[in-house]
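S.K.: Go by the hints and put chain S onto chain G.
There are 2 protein chains.
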Amino acid sequence: MQGHQVFHAPHRLLMGPGPSDAAPSVLKAMSMPLLGHLDPAFIQMMEEIKEMLRAVFRTRNPMTFPVSGTGSAGMEFCMVNLVEPGDEVVICINGVFGMRMAEVAERCGARVIKVEAPWGEIIPAEKVALALKDTKPKLVGLVHAETSTGALTPVEEISRLAHEAGALMLLDTVTSLAGCEVSLDNWKIDAVYSGTQKCLSCPPGLAPVSLSQRALEAAQSRKQKVQSWYLDVNLLNGYWGSERVYHHTAPISMNYALHEALRLVLEEGLEARWRRHQANHQRLVDGLKDLGLSIASQAGHQLWQLNAVSVPDGVEEATVRQTLLNEYDIEVGAGLGPLKGKIWRVGLMGESSRPEYVDKLLLALKNILGR
Amino acid sequence: MQGHQVFHAPHRLLMGPGPSDAAPSVLKAMSMPLLGHLDPAFIQMMEEIKEMLRAVFRTRNPMTFPVSGTGSAGMEFCMVNLVEPGDEVVICINGVFGMRMAEVAERCGARVIKVEAPWGEIIPAEKVALALKDTKPKLVGLVHAETSTGALTPVEEISRLAHEAGALMLLDTVTSLAGCEVSLDNWKIDAVYSGTQKCLSCPPGLAPVSLSQRALEAAQSRKQKVQSWYLDVNLLNGYWGSERVYHHTAPISMNYALHEALRLVLEEGLEARWRRHQANHQRLVDGLKDLGLSIASQAGHQLWQLNAVSVPDGVEEATVRQTLLNEYDIEVGAGLGPLKGKIWRVGLMGESSRPEYVDKLLLALKNILGR
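Protein chains in written order, with the working numbering: chain G, 1 to 371; chain S, 1 to 371.
Looking at chain G on its own, in the form it has when it is part of the complex (with noise of 0.2 Å):
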């Protein structure tokens, strides 16, 4: 075969769905010498990244860490350890994640019960209401950030049905973390995953997860054992606890970015850092006003740090897409199903949530719409 060259990386303003830009030190972290998964000093940095994980997540769950996955094998985490074969599950739908997470407890061999709502719009409180009354389901997941449409749930008063009714609540906070408020504690979310790559500003690689004790025990006490060996909590609680067993080899340089990520994150501190994401999003949505642009999603519900922009009638929304790429260097992303060619992703998640980086896309937007 013939040599490659080596890779150099082109510069881009990643404003789409994530990953979203890493601050230069988080960057130059993962260039740091590796150390080996048992080394005493990884150890320690091991408990300073779950310290700063409860913080951020707001929970003080011991069992909170970064699954060694991208973020959807943190949604297969949650799932795989706390349904068994048979047991009956109420999953939210609005968007591609909503069915990625009833596909993903389908393989774990639940029985769904699907409360759906509009892609776009968030999940009402009420529907999960009227599906929890003639069923006593093992767990209620509902996804807090709907990447895929840009709508924020709501999620007290589901967590507090889901509880009414015996089950465990499960969060995905994949695009919600670090971007506006997520409190585990307060909302008593017994099971949740996030990714990196979005408002934690870190690259893909990793999943936090948090598990209650609730959710814990319910692993704990399965009839049959955990489908996935690589995700069982039972094992990982072995390396990730006081233990310290081997069970994979921890994706070293991955944490010592996430570590980096997270002391920037709480160096911020959590609550100026949502007021950020919305400043810049306001910011956004004033000046597509002026171009003759708005937003999608659910108005009253719509997120901060991705924002699901409506493609004017007669504009090729790939077109401009790729014109934003190849002439500007600047990333947003496509939607997906029932929303792909009528919407674009504008993620300002993160490092990526910036006035100018919202000012140059309003102007590359003008320029390439001829408004």
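Don't take each hint at face value.
The list cannot tell twin chains apart, which means a pair is met if one copy fits it or any two copies do.
To be verified - Under the rule of at most 30 Å between Cα atoms (straight-line distance), these lysine-lysine pairs were calculated in the DSS-like manner:
1. 225 / 114
2. 138 / 114
3. 114 / 223
4. 114 / 366
5. 223 / 138
6. 342 / 133
7. 133 / 360
8. 225 / 340
9. 138 / 225
To be clear, the hints were calculated from the coordinates, so they are not data collected in a lab. Just so you know, these numbers come straight off a predicted model, no measurement behind them.
M.R.: This is chain S only, laid out in the frame that chain G set:
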């Protein structure tokens, strides 16, 4: 919560069972700015990774790519795609990783027939032949280089027997790949997985895998869906194949690292790399002999890249290992299972396979053991 300090990794010589040291250019590659996982520049790099992996695995299998998880996720990838509940499989066990393979197969619902050999020894082909006399299994699973014991089992005869019995041949090459011969097509291997952090000298976090056409057909003609959504080859093929359908967000920076690591492997040349591993192994063996130490694994089948060094009578295994780490910044591994306390595992993998590393370790051992 108190803020945490920036983490600074101490510099170690990584001479344990992995991770091995990564080359400076591999570490540096991870600090490149991020790209979107559907960016044309990233997709072109993915193609190059696939090409280079094929060269390193010595295969033409189109389905050759890195799974977004560590080596154990690669094992699980092969098993969940190829095995269905009720399938009979033959698993060869002569150490930790054969045991793990059997455990993962069981969690896929397989009926596992075990072919066992003592830890430290190879799997004799005759034992596999005997097991295959009375059964027509779906697959035969073998660990090529047993990282827990330092033994290298010859593959060709076992692969021939597996095919004669109509089975798929599954091979674990986590520790062997790029450190000694691995020739998928010549050996007629149907499914293989590896890890990045051993002889490829890339940080842990990805699991290179390859499936033959026959294995792919088995995965595509399953009666039941693959139990893991994250690892379902039918879905992953949509992203790593020509369609480029979004599945999960690929670990961008880890793929940068793998691209550079593979480039370095091919620049050195596979056969030159094997010879280097052999020479440094021999240097270690000779030096150990001068200290009155020896290799514990079966003569004639000792791995070059992972050396199981017998702990002499009266010597505290853990104390020596900790002294090496604390006073010499050298990491070596402990024995696992029945070999706990009885061996040190000395890795000479990839970038860590260097004469000067061997000499440093020998000198340190001489000092610590007072020989």
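S.K.: Is it within, between, both, or neither for residue 342 and residue 133, if the alpha carbons may be no more than 30 Å apart?
M.R.: Answer is neither; intra-copy 36 Å and inter-copy 60 Å both fail.
S.K.: Please work out whether the CA atoms of residue 225 and residue 340 approach to 30 Å or closer within one copy, between two copies, in both situations, or in neither?
M.R.: between (40 Å within a copy, 27 Å between copies)
S.K.: Check residue 138 against residue 225 for me: Cα-Cα at most 30 Å, and say if that holds within a copy, between copies, both or neither.
M.R.: both (17 Å within a copy, 22 Å between copies)
S.K.: My question is about residue 223 and residue 138: at a cut-off of 30 Å on alpha-carbon distance, are they close within one copy, between copies, both, or neither?
M.R.: both (14 Å within a copy, 27 Å between copies)
S.K.: Between the shortest in-copy and the shortest cross-copy C-alpha distance, which are at most 30 Å for residue 114 and residue 223: within, between, both, or neither?
M.R.: both (25 Å within a copy, 25 Å between copies)
S.K.: How do residue 225 and residue 114 come out at 30 Å by Cα distance, when the copy is not named: within, between, both, or neither?
M.R.: Classified as both: same-chain Cα gap 26 Å, cross-chain 20 Å, threshold 30 Å.
S.K.: Since the copies are identical, ignore which copy is meant and state whether residue 138 and residue 114 lie within 30 Å (CA to CA) inside a copy, between copies, both or neither.
M.R.: Only inside one copy: residue 138 and residue 114 sit 14 Å apart there, 36 Å across copies, limit 30 Å.
S.K.: If the cutoff is 30 Å on CA atoms, where do residue 114 and residue 366 land: within, between, both or neither? Let me know, please.
M.R.: neither (41 Å within a copy, 67 Å between copies)
S.K.: First find the shortest C-alpha distance between residue 133 and residue 360 inside one copy, then the shortest across copies, and answer within, between, both or neither for a cut-off of 30 Å.
M.R.: Neither. Shortest intra-copy (50 Å) and inter-copy (70 Å) distances fail the 30 Å Cα cut-off.
In this structure, the hints that do not hold are numbers 4, 6 and 7, in rising order.
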